[in-house]
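**Q** Use the sequences and the hints to build the structure in full.
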Amino acid sequence: MTLELALVIAALLFVVGVALILLRRNLIFLLLGIELLFNAAMVIALAGGARWHSGTGQVLVVFMMALSGAALALTLALLLRVKHELGGDTVDDLRQLREEVDE
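In terms of the numbering used here, the sequence shown opens at residue 520 and continues consecutively.
For the record, the hints were derived by calculation from the structure and aren't laboratory data. Careful, some of the hints might be misleading.
[Stated by the list, open to error] Simulated restraints, written as ranges between beta carbons of each label pair:
| no. | residue 1 | residue 2 | range |
| --- | --- | --- | --- |
| 1 | A596 | L531 | 25 to 33 Å |
| 2 | V527 | M584 | 17 to 25 Å |
| 3 | A592 | A538 | 19 to 27 Å |
[Stated by the list, open to error] Below, in silico cross-link-like pairs of lysine to any residue (SDA-like), each with a Cα-Cα straight-line distance of 25 Å or less:
| no. | residue 1 | residue 2 |
| --- | --- | --- |
| 4 | K602 | D621 |
| 5 | K602 | L546 |
| 6 | K602 | G536 |
| 7 | K602 | E619 |
| 8 | K602 | D612 |
| 9 | K602 | V581 |
| 10 | K602 | M561 |
| 11 | K602 | L616 |
| 12 | K602 | E618 |
| 13 | K602 | R543 |
| 14 | K602 | I540 |
| 15 | K602 | G552 |
| 16 | K602 | R614 |
| 17 | K602 | L550 |
| 18 | K602 | F548 |
| 19 | K602 | G588 |
| 20 | K602 | L542 |
| 21 | K602 | L555 |
| 22 | K602 | L549 |
| 23 | K602 | V620 |
| 24 | K602 | L526 |
C-beta atoms are modelled at their ideal positions from N, C-alpha and C, and glycine is treated no differently.
**A** What follows is the structure, given as structure tokens:
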């Protein structure tokens, strides 16, 4: 795989991730968009490591995968709690929860 192809794939992942974050109200799709942004960064790190014949790109990707997995596990646990408490899983439900705390 060439560097240009890897950058195009990363750019497509980034654009789809940003579109999911901006256009959808559901928290699951918001998490999916964030994960796509992480994946775009991982593709760039792998392509850079391959381009300069260095293993640091692969090491960076392993750390990014661990960080992403840990963040996703915590976020999904919080999402399940919000869905259980409020009965919904949209951004508007979280705003309702914040308004209840402010009062």
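**Q** Hints broken by the structure, by number, lowest first?
**A** Result: hints 9, 10, 24 break, sorted rising.
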